[in-house]
Amino acid sequence: MADVSTTHPGFSTLSFHLSCPASASPFGPRLGRASLKRNNDSPAVEIDTPGFLTTTSRGVIPHLSRDHHRFTEAIRWVLIPFETFLERLPPVPTLQGGSTPLHKFFGYSPLQNIVIMSARDPFDGRELPPNGNDHISSYSMRGVTPSAWRSYVFACRPDIVIALSDTPFTKPPHSQKRLTKSLERSTSWLSNLLRPIELDDDSNSNPHPLNIFVHMVGGTDLAARRIFSEGLLETLRDNEAEAIKPLKRLDDGVTGYVFDLVPLRLSLVAEIDSANISSPDILDTTTVPTAAQMSVDTSALIPLMKASLNSLPTQKIRLVNSAISPHEILRLVRDVGIDVFDAHWAQRAADIGVALDFRFPIVDTGPNNQTHRTKKDLGHNLYDQVYAHDFKRLADCFMDGASSLGQDSPCNRPVCPCAACSPLPPCQHISHSSIDSESYPESVHAPRQFLPPFRRAYLHHLLHTHEMSSHSLLAMHNLSVLDAFLSGVRTVLAHPNGTAVFTTEVDKFVEEYDEEMKVFEDARKSWTEVERARGKGRLAREKDKQAESTLGTAVEL
Amino acid sequence: MQFEVIAKCHTTRARVSRMKLSHGVTMLPTFMPVATQAAIKGLTPQQVESLGVTLMLNNTYHMNLRPGIKVLDDAGGAHRFQGWTRNLLTDSGGFQLVSLSKFTKITEEGALFASPFTGEPTMLTPEESISIQHSIGADIIMQLDDVVSSLTTGPRVGEAMERSVRWLDRCIDYHERSGKKDRHNLFAIVQGGLDHDLRDICLDEMIKRKDRVAGYAIGGLSGGEEKDTFWRIMKQCADKLPEDRPRYSMGIGFAEDLLVCVALGVDMADCVFPTRTARFGVALTFSGPLNLKLAKHAKDLAPIDTQCPCPTCSDGVSRALLHHIITQETAGAHAVTQHNITFQARLMGQARDAIINGTFPDYLRSFFVAYFGDVGYPEWAVNALRSVGVDLLDGISKDVNVVPGDGGKWEYSDRS
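Protein chains in written order, with our numbering: chain A, 6 to 562; chain B, 66 to 481.
Check the hints yourself; a few may be wrong.
When the alpha-carbon atoms are kept at most 30 angstroms apart in a straight line, the in silico DSS-like pairs for lysine-lysine are as follows [as the list claims (entries may be wrong)]:
{"#": "1", "chain 1": "B", "residue 1": "Lys300", "chain 2": "A", "residue 2": "Lys109"}
{"#": "2", "chain 1": "B", "residue 1": "Lys245", "chain 2": "B", "residue 2": "Lys275"}
{"#": "3", "chain 1": "A", "residue 1": "Lys397", "chain 2": "B", "residue 2": "Lys245"}
{"#": "4", "chain 1": "B", "residue 1": "Lys275", "chain 2": "A", "residue 2": "Lys109"}
Keep in mind the hints are simulated off the structure, nothing from the lab. Note that the coordinates shown come from a computational prediction; the quantities given were computed from them, not determined experimentally.
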């Protein structure tokens, strides 16, 4: 495919400003603002950090129709793994055209959403055939070559692209030789993406129009991680310099750094296992994070991340994929200075019937009434029978739209703006005949009042009857709770003595909320039981196929 | 209920009416989407409402099992439980007893069945059915009828019809004694299988009770009988039912069936077809159903229907994207469900306008040209519409085949 960049000049520009480098350390918590200026008159998309990105499956946010993801203001950054589109060549999104083809194809708003394109789903740790020098394997019929990737990227014009990198998904642990190869390939594939585009002679456009994030490779080897980063900063010579001119160093063309925690955890687990001479087939499961992965503490990851970042400039965005809990998010903000996290764990909670219910900094919402655990759960397993007659809103930590208008709340709780807690009547009804207005006597100009929230008992019912609406409502709710959580993080960091206050609040949070996330475990069990009670035969086979291709996030259609 | 016929087709028996219930006005004829277990699959009630739907259906059998009457009572009824502020209709639970449970035994007392959860023998009587429907709190409730498959023959059909009449009396008595007559409107269900004589007897008996029922449903059809028989029974019932009561044909959802029923004088219909078929990747259009799973849609960047006002089409969701996600992602099911419900509503809304404007016969003709012009008109539909004075073949410029049998229209393969 031809480089189409010359026919559609004008990519958007991503800038990132740290408004408050709260500490002198390159790894302290920090506040920032990402600003994406499109090549038109529209205002820049501005997103505060620490923040989160919403993950997609086959390009769409699981369980959300377009009207629902528009309604959910928490959704700002969106990550699109491209591998499912490799099933058919050319990949369909490359055919869309226009100035924001991915936004158009998937329905994301160019004014609200920053769309990131990556080859692989960062949460997918399943075993794959080895990559080649000029080819990465993906979970689809075929992989992708660096040159094909480059052409897809220029055709899709994502706001941000994650460069291909050679992360092995063969069975760990990986040899030293394999690691060396990984570094070489990742560097060379980044360089390929940084090849300048051909410009007309009189054009003063940027020959490097892409906003590129790069994976921090090197596996669990500290030295290898350092070497990779140093390679990015090296001034290139001869052919290598020619390949990316007028850039001098690879890092000059890089906008952000990415850490995928799933392969890191898998490697760490494998190392522990080989030391213990037992080797469970951890890669066979599609329901990661497994217990094994969960056993890898955040503290084991932090030195690896620091080794990568140590020599790199501090003012670039740092993205972490597949953090497993809010506790981990807080530690990575505090100890590594991470700016953006994916929401995978919170979205996955919606798949298994968990309504999140927590805040940062913590607030007193009364005793933990559903269990006798010493710490509070992060949410509610709505499959549990205790919710069958529970007519409360989804979260105790938040108000719902309707009751927030009624009276002053004693504990000054914020309103959860999601469509489950604060539903609004439709702003219009499609009219199908000239007399349909008789059904709608109320004035269309009357201000819309919040409707009562959806109750736990209703969600409980929907979950037990396999109704998809349960997951839609929970997905919107959980993203909104995560948004409020990170907004709380930013508020604390903005405090004059931000770092110190933040550290105290993190300790309190860890003390307050159950980090083992037993409520997720319970929910997963209930989810499996309800799923198992379903039919056999064709439907079951369809479901297996669906589960296979959607990484275990599938729910009953 | 306030029911008023506001326009009539000059040729066919079609009519437009205003039906005012406790939760607002619904304009008829209309199609009712089915929210079996208190949700249209994948959508929130606000989304359903935004599509222009003012009346939907819950299934009593399912609602009684889960969440159960206790929860519904605590919630203050099904409207509040599911957040639906418009009109709601519940069936009696009789149909599912027969279709879902192999062990149901009908006695004069009621339907005896094994609870699907505990296996305990459970009796659903006409009184119990009405009581459950009161708890659900639907605006329109249905009598418990003795349902037999429309393919059943022999004395059982007559027995079921006669029992349905007796059970109607018990439903009416219970309903009137409950003092809830003003909020919930009881409909009778005409039975009698495919036997015109039995149907006539049933119609006579039920029409005698007209002052005590708010409307009439036509049951026992759309169960695999020949289409030619289907329309003749439907016409017989619609012809005889009183003018000043709404007429509801149960379980009808294909576009051509709906328009034929409207032409015969039917006001309401329900079916799971448009929402169920959406989940399997079939989008309904005025030129026939599209099977989005077929490879021919894989690179098509056009929406399902550029004229369609549904959220999916008006937002430009491409067939290519739908092809990529349908049956894999719930969001694909949501998108096509929103479209299909809108399609049904457009089909009926355009019928309302055509009836008011005196152009309903033209509407029928133009629908059939667009929908069946390429594959041929179903003979039964041609005959059914001739019976009410519309000849589909009149004024058709191009040659159109008339196809015998029960054929509908379906996109089976990649041949285009």
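task = List, from low to high, the hint numbers that the structure doesn't satisfy.
result = 1 and 4
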